[in-house]
Amino acid sequence: MKKNLKIFWLLSKFSMKTMLDHRVGLIAFLVGKIFRFVVFFTFIYYLVSKTNYLLGYTLNQTIIFFLTFNFIDTLSQILFREVYRFRNLVIFGEFDNILLKPHHPFIRILIGGVDVLDAFLIIPYSLILFYFLIKTNVNFLNIIHYSILIINSLIIATSFHIIVLALGILTTEVDHTIMIYRDITRMTALPVDIYKEPLRFILTFLIPIGIMMTIPVKALFNLLSTQMLILSFFITFIFLEFSLFLWKMALKKYQSVGS
Amino acid sequence: MKKYFTIFYILLKQYFVYRLSFILWRLRNLLGLFFLYSLWTSLSNQKTQIFSYTPDKLVSYVLLTNILSSIILTTRTADVASEIRSGDLANYLIKPLSFLKYILSRELVDKLINSLFAIFEIIFLIAIFKPTIFIQKNIITYLMFFLAIIIATTIFFSISLTLSFIAFWSAEIWAPRFIFFVLISLIAGTLFPLDILPSSIFNLLIITPLPYLIFFPAKIYLHGFSHQQLTPFIISIIWSLILFKTMVFVWKLGIKNYNVYGR
Amino acid sequence: MITVKNLTKIYKTAVRSKNLFQDIFFRQYQKSLALDNISFEIEEGELVGFIGPNGAGKTTTMKILSGILYPTKGFVNVLGFFPFDKKYSFLRQIAFITGQKNQLIWELPAIESFRLNKEIYEIDEETFKKNVNELVELLDCRQIINQPVKTLSLGQRMRLEIINSLLHRPKILFLDEPTIGLDIFAQSSIIKFISEYQTRYNSTIILTSHYMQDVRRLAKRVILINEGKIIFDGKISDLINHHSQQKIIRIVLISPLAKKFSLPANFQYSYNFPELKITLPKKEIASKLSMILKQIEFSDVTIEDEPIEEVIKKVFKKS
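Protein chains in written order, with numbering that gives the first Met the number 0: chain A, 0 to 258; chain B, 0 to 262; chain C, 0 to 318.
Keep in mind that the hints were calculated from the coordinates and are not lab data.
Among the clues, some could well be false.
Stated by the list, open to error - The calculated lysine-lysine pairs, modelled on DSBU-like cross-linking and capped at a C-alpha distance of 35 Å, are:
(1) C:Lys219 x C:Lys281
(2) A:Lys247 x C:Lys170
(3) C:Lys85 x C:Lys100
(4) C:Lys219 x C:Lys100
(5) A:Lys100 x C:Lys86
(6) B:Lys12 x C:Lys11
(7) A:Lys251 x C:Lys170
(8) C:Lys316 x A:Lys100
(9) C:Lys287 x A:Lys252
(10) C:Lys4 x A:Lys100
(11) A:Lys32 x A:Lys12
(12) A:Lys12 x C:Lys128
(13) A:Lys251 x C:Lys276
(14) C:Lys86 x A:Lys12
(15) C:Lys246 x C:Lys30
(16) C:Lys276 x C:Lys287
(17) B:Lys244 x A:Lys195
(18) C:Lys128 x C:Lys11
(19) A:Lys16 x C:Lys149
(20) A:Lys32 x C:Lys149
(21) C:Lys234 x C:Lys246
(22) B:Lys94 x C:Lys100
(23) A:Lys49 x B:Lys136
(24) A:Lys247 x C:Lys316
(25) C:Lys246 x A:Lys251
(26) A:Lys251 x C:Lys100
(27) C:Lys316 x C:Lys276
(28) C:Lys30 x A:Lys100
(29) A:Lys252 x C:Lys228
(30) C:Lys170 x C:Lys234
(31) C:Lys287 x A:Lys100
(32) B:Lys100 x A:Lys195
(33) B:Lys110 x B:Lys244
Said to hold, decoys possible - Rough simulated footprint, nothing fancy, chain A against chain C, three-plus residues with beta-carbon under 8 Å:
(34) 65-72
(35) 113-120
(36) 246-253
Claimed, not checked - Take a look, some chain A residues computed to stay more than 10 Å from chain B by CB distance:
(37) His21
(38) Ala27
(39) Tyr45
(40) Thr50
Remember, it's a predicted structure, so these values are computed and weren't measured experimentally.
Here a beta-carbon is modelled for each residue, glycine too, at the ideal position from N, C-alpha and C.
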């Protein structure tokens with residue numbers, strides 16, 4: 000464990016040093032990301048303030064849905080940025096060398112490239128989220144549920160990224176799969192309730208982004224039954240197991256390159 | 000001219016080779032459409048009218064802007080940047096063909112295939128959800144609508160290609176493009192009809208070229224062409240001319256400055 | 000130390016059809032036999048060269064031995080482990096070096112990559128410093144370990160790459176085309192290093208290379224692979240003795256050949272004044288050579304083995 004933390008720390012340091020090589024790009028990305036957040040936030044705020052409600056949720060509640068989505072999304076981008084570069088590792092054969100290192104490959108290919116930019120942005124994002132949480136009346140127990148379910152969401156996010164890696168080994172295609180993942184999660188920037196059945200069912204239980212983005216906020220507003228809470232954990236567990244199964248299978252089928 | 004037809008044909012065949020990645024790209028587009036469609040329908044279920052838009056017009060707006068995006072905002076001009084950086088551009092420069100015309104043929108193929116797919120997707124969506132949609136009946140409006148699409152395409156093509164030409168001078172090619180995409184996704188009109196914004200902001204936006212990419216053509220289709228749209232129409236023509244000229248100018252400047260990188 | 004019995008590896012590649020639906024749901028695969036039931040053993044301290052044309056199965060064998068690939072069939076045991084399990088205690092004892100592949104962090108000085116490997120392989124500070132110093136001396140690259148890797152030449156990078164892979168003193172070293180793309184100076188300095196390293200630490204080294212001279216200078220034992228099968232396994236000298244029935248005679252002439260000079264019709268020779276090159280069967284050298292030499296004026300005669308490339312070509316043709 001101590002060794003893994005040390006490796007993780009070194010890799011993060013390297014990724015920070017590497018990023019500082021591209022200062023102009025860094026600033027441009029920062030501006031772009033802030034701008035996107037501000038406008039999307041304003042859009043939802045403006046829209047729901049005109050219509051007063053979105054599916055029975057008040058303005059503040061809708062905003063918390065969006066901010067929670069944004070928080071989880073940013074957090075998983077901080078951690079899993081290296082997945083976006085996995086295709087190159089596979090097609091140029093560098094993945095071979097990673098497999099030969101005496102540590103779990105996930106340390107390198109899953110969490111080996113912490114995104115410094117998002118790590119910086121998460122601070123203002125959390126503060127805004129915190130502000131709206133205070134403004135909305137929620138009780139302490141629900142906050143606990145909410146926090147636990149967010150950790151649960153990160154497990155789902157981890158599973159998604161493991162699946163992307165496994166598919167990357169099997170098909171050498173990563174760029175589209177990871178963007179499809181991003182697009183699917185972006186569908187839950189607002190509660191899954193906006194979707195009609197059977198889409199809602201699929202997005203909650205089969206591709207569990209509903210559990211990832213909507214369920215924590217529902218727990219916060221005390222709208223969640225105990226059954227649904229347990230079911231959420233159960234589905235997360237199944238999903239994680241599935242992703243690990245896929246990963247192990249992919250390793251067995253891995254054919255390397257140029258041989 | 001004949002060789003550009005041949006190029007067109009060969010590029011068309013390429014899509015069948017890379018069909019899986021193309022289909023995945025369309026899938027991504029469809030996911031975005033689901034989101035917007037569901038958001039607007041659930042909002043308009045609560046009220047009969049949001050701002051100046053009746054539910055059928057809102058739904059039509061979402062579907063229409065999706066087709067418009069597939070025609071106007073699809074592009075392969077982003078590839079040009081990496082072609083410049085890797086030195087592959089040299090392969091085109093030594094051939095007896097105009098690079099800009101070559102890019103244009105590549106662009107047309109891309110737009111053709113994407114818009115065909117977009118139409119199928121929307122027919123599919125209409126078949127599933129059976130929304131009421133607004134059909135324009137005025138011929139003049141259609142004429143102006145198509146003109147607006149051509150202007151929009153020119154504006155987008157020129158900006159996107161100019162951004163790729165940055166590669167002649169700098170390796171930082173993704174950051175400016177990222178900002179451009181963020182701007183487009185927010186103020187070109189793909190997210191929401193821009194005229195629901197307070198008029199002070201709206202009047203500021205229409206001085207920029209971005210609303211003419213998606214919002215303006217859609218507006219003409221849904222509300223018809225009237226004298227109110229004359230000023231914006233002229234602004235958009237001026238923008239398209241300026242941006243196209245700029246693009247050609249930057250290109251000429253760039254190839255003079257071109258050292259083959261890499262390899 | 001390494002035991003391989005009846006090892007088979009089959010690659011599956013998807014075949015595209017015209018029908019996308021079929022491609023996604025009922026994919027057609029083409030199977031190709033990369034390794035066909037091969038067996039061999041390698042002892043501690045051996046330096047073995049794998050030789051064969053592209054796609055013969057050399058790299059596949061090394062990738063199975065190191066645990067990157069999963070064997071389709073057969074028994075593989077390396078240092079007492081099944082390599083694919085990737086037990087850390089196994090991985091800590093091996094290293095895999097590939098020419099023209101970069102493991103060093105591109106933007107940063109090589110020393111940073113060394114530090115990372117120090118943590119990964121859990122090398123203590125003292126051993127780390129000692130090993131870095133020794134290797135840096137041996138490969139003569141003290142000046143470049145603090146420069147960003149991207150500013151270095153391929154030859155310099157390759158030397159650092161080797162240091163990076165040897166910091167943990169692996170017992171088994173896999174070298175896949177270590178000199179590919181290098182100029183002759185860089186190439187020979189790396190070959191010299193490998194041979195010095197092997198004598199010093201008595202490590203087991205398995206090598207593939209396109210340059211036969213590399214293999215000849217390093218390996219006593221070679222394994223020839225063709226189309227997934229082992230066609231020769233033994234000493235290089237045996238390979239030449241068994242498979243080469245000819246010698247090459249080079250004669251430096253003093254004056255050009257007379258017009259009437261002729262060789263028996265079945266002799267292969269080439270003539271470009273002042274050199275006359277004749278290929279003779281080994282058995283006939285004694286009798287034929289004296290006969291030839293009587294007819295000409297010369298200043299020098301050398302008798303050489305056939306080039307190893309030629310011998311190997313013949314062996315491959317036979318198989």
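Tested hints:
no. : hint                : result
1   : C:Lys219 x C:Lys281 : holds, 23 Å
2   : A:Lys247 x C:Lys170 : holds, 28 Å
3   : C:Lys85 x C:Lys100  : holds, 21 Å
4   : C:Lys219 x C:Lys100 : holds, 27 Å
5   : A:Lys100 x C:Lys86  : holds, 10 Å
6   : B:Lys12 x C:Lys11   : holds, 26 Å
7   : A:Lys251 x C:Lys170 : holds, 25 Å
8   : C:Lys316 x A:Lys100 : violated, 39 Å
9   : C:Lys287 x A:Lys252 : violated, 60 Å
10  : C:Lys4 x A:Lys100   : holds, 26 Å
11  : A:Lys32 x A:Lys12   : holds, 22 Å
12  : A:Lys12 x C:Lys128  : holds, 21 Å
13  : A:Lys251 x C:Lys276 : violated, 54 Å
14  : C:Lys86 x A:Lys12   : holds, 27 Å
15  : C:Lys246 x C:Lys30  : violated, 43 Å
16  : C:Lys276 x C:Lys287 : holds, 14 Å
17  : B:Lys244 x A:Lys195 : violated, 47 Å
18  : C:Lys128 x C:Lys11  : violated, 45 Å
19  : A:Lys16 x C:Lys149  : holds, 14 Å
20  : A:Lys32 x C:Lys149  : holds, 30 Å
21  : C:Lys234 x C:Lys246 : holds, 19 Å
22  : B:Lys94 x C:Lys100  : holds, 33 Å
23  : A:Lys49 x B:Lys136  : holds, 31 Å
24  : A:Lys247 x C:Lys316 : violated, 41 Å
25  : C:Lys246 x A:Lys251 : violated, 49 Å
26  : A:Lys251 x C:Lys100 : holds, 23 Å
27  : C:Lys316 x C:Lys276 : holds, 24 Å
28  : C:Lys30 x A:Lys100  : holds, 30 Å
29  : A:Lys252 x C:Lys228 : holds, 22 Å
30  : C:Lys170 x C:Lys234 : holds, 22 Å
31  : C:Lys287 x A:Lys100 : violated, 60 Å
32  : B:Lys100 x A:Lys195 : violated, 46 Å
33  : B:Lys110 x B:Lys244 : holds, 22 Å
34  : 65-72               : holds (count 5)
35  : 113-120             : holds (count 5)
36  : 246-253             : violated (count 0)
37  : His21               : violated, 7 Å
38  : Ala27               : violated, 3 Å
39  : Tyr45               : violated, 8 Å
40  : Thr50               : violated, 6 Å
Checked against the numbered hints given earlier, the structure breaks hints 8, 9, 13, 15, 17, 18, 24, 25, 31, 32, 36, 37, 38, 39 and 40 and satisfies all the rest.
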